[in-house]
Amino acid sequence: FFLADWHLDPYYNPDLGPDTYCQNQTEIIINSTIPLSYFQQRDYPGLWEDVIPNLNLGQYGCDAPIALCQQALETMVRILPDPDFIIYSGDMSGHHLPTPEARFTAINDTIASIAAAFPGVPIYPTLGNNDCYPDYFLNYWPHRANDWLSKIWSSWSIYSGIPADQAQNFTHGGFYTAEHDSGLTIISLNTIYVCGGHNPDWDADSHPDPAGQFAWLNETLLQVEQSGGAAYIIGHLPPNQYWHHDYVYSYNDIIKRFQGVIQGQFFGHTHRDEMHLISNTELRDPFGFWLQTPSLTPKDSNNPSFRTVSYDVANHKLIDYVQYISGLVQAQRQGYMSWYEEYKFSKLYGVSDGYINTAAIQNAILSIFDDPIMFGAWKSNYDTQYEDPDDKLKYYCEMVYPQLNDQDICDDRGIYQNSVLEDER
Numbered sequence: 067f068f069l070a071d072w073h074l075d076p077y078y079n080p081d082l083g084p085d086t087y088c089q090n091q092t093e094i095i096i097n098s099t100i101p102l103s104y105f106q107q108r109d110y111p112g113l114w115e116d117v118i119p120n121l122n123l124g125q126y127g128c129d130a131p132i133a134l135c136q137q138a139l140e141t142m143v144r145i146l147p148d149p150d151f152i153i154y155s156g157d158m159s160g161h162h163l164p165t166p167e168a169r170f171t172a173i174n175d176t177i178a179s180i181a182a183a184f185p186g187v188p189i190y191p192t193l194g195n196n197d198c199y200p201d202y203f204l205n206y207w208p209h210r211a212n213d214w215l216s217k218i219w220s221s222w223s224i225y226s227g228i229p230a231d232q233a234q235n236f237t238h239g240g241f242y243t244a245e246h247d248s249g250l251t252i253i254s255l256n257t258i259y260v261c262g263g264h265n266p267d268w269d270a271d272s273h274p275d276p277a278g279q280f281a282w283l284n285e286t287l288l289q290v291e292q293s294g295g296a297a298y299i300i301g302h303l304p305p306n307q308y309w310h311h312d313y314v315y316s317y318n319d320i321i322k323r324f325q326g327v328i329q330g331q332f333f334g335h336t337h338r339d340e341m342h343l344i345s346n347t348e349l350r351d352p353f354g355f356w357l358q359t360p361s362l363t364p365k366d367s368n369n370p371s372f373r374t375v376s377y378d379v380a381n382h383k384l385i386d387y388v389q390y391i392s393g394l395v396q397a398q399r400q401g402y403m404s405w406y407e408e409y410k411f412s413k414l415y416g417v418s419d420g421y422i423n424t425a426a427i428q429n430a431i432l433s434i435f436d437d438p439i440m441f442g443a444w445k446s447n448y449d450t451q452y453e454d455p456d457d458k459l460k461y462y463c464e465m466v467y468p469q470l471n472d473q474d475i476c477d478d479r480g481i482y483q484n485s486v487l488e489d490e491r
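If you're matching positions, the sequence shown starts at 67 in this note's numbering and goes up one per residue.
Please note: incorrect hints may appear among the correct ones.
[Stated by the list, open to error] Below, a list of computed lysine-lysine pairs in the DSSO-like style, where the Cα atoms sit at most 27 Å apart:
1. Lys-413 x Lys-383
2. Lys-458 x Lys-445
3. Lys-460 x Lys-413
4. Lys-458 x Lys-410
5. Lys-322 x Lys-383
6. Lys-445 x Lys-410
7. Lys-460 x Lys-445
To be clear, the hints were calculated from the coordinates, so they are not data collected in a lab.
Please build the complete structure, drawing on both the sequences and the hints.
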């Protein structure tokens, strides 16, 4: 699985709306013991299974409640019960959680629930900006561990596949490497130190190599190359406008040097389905690519989603991926999540030589740019088939009722009304 940006909110309250992020921040601050853990979901009086809309599974504009994460995991287990490993590209915690205890609860409960659903399966997480407290805040001391990273390590050392010998790398710098098998190395970056939103604000003049991460990355890839192996790089914020531009140059130099070793790069952050080439205007041929998986949280006008990825166990090249989504409006109407295969990369874009590589991504982007039908398909996938409830209602009312007064009545009934067409079937 390739996951990112679940943004679990253990304090999600379906009685509240997006104007408060569906949480009572005052209550969280005053009483930090609720919920005591992920597995002790509060009961909200007055909300029953047959209430429409059923908001227990989430709302657009709010982060993922416990019930949404649980139903996603149940479906993931049915689809792929025994994955080789799980990549999680950052942001386990919900937005706007007002205390460090609340944030850590979300981080710990997310990885614990994934580990419980897939016992024995290695989980390789990376640090997201909302996995810091406050957001984006992460200091560095060369000769001692960071307290917040040490706190996260107390959870991830239990539930993740990060090797114990990476404790110092992670607690000091937030990055690590893991040899998944004899031919594949997972390299997890700390993109917080190099991003534009980092607090304290660093740049290449004051910190040419934050925490020595670029030197470490170069040395790690050199060792992989010398061993004849392959590497996957995982991170949260993608290496484009979200990074200080000087750090992008430093990173791209490394990617160009080791493009024969790196078989995949996996990022998140934007909550959108994206693919990117690594190139510049002076070079004709791109020398790398990365993938971004959309989020589970429906916070940013998107539907919940997750992704499975297949790879060649002999050379660790990517073969294909399948994106799964669930429509939130439908879930609110029926009281449970229905998951759909949104698309398969090879079926939509084609894979000429059997692998998702730089050439395949280049061809996919060219087809999106040249073909209006392909662009439309890509744009819908980019937003995970997001359906604006007001727009959807408007179109429905206009399609069913020719008279304006009937359209107004239909509009007043709202998006969760029972369709009159159901009775005609």
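Structure-based check of each hint:
Distance restraint check for Lys-413 and Lys-383: the Cα-Cα separation of roughly 18 Å lies within the 27 Å cut-off, and the hinted pair is therefore satisfied. This hinted pair checks out: Lys-458 and Lys-445 have alpha carbons roughly 17 Å apart, not beyond 27 Å. About 33 Å separates the Cα atoms of Lys-460 and Lys-413, which puts this hinted pair outside 27 Å; it is violated. About 26 Å separates the Cα atoms of Lys-458 and Lys-410, which keeps this hinted pair within 27 Å; it holds.
Only pairs whose Cα atoms come within 27 Å are accepted, and Lys-322 paired with Lys-383 is accepted, the gap being roughly 17 Å. Only pairs whose Cα atoms come within 27 Å are accepted, and Lys-445 paired with Lys-410 is accepted, the gap being roughly 15 Å. Restraint check for Lys-460 and Lys-445: satisfied, since their Cα atoms lie roughly 21 Å apart, inside the 27 Å limit.
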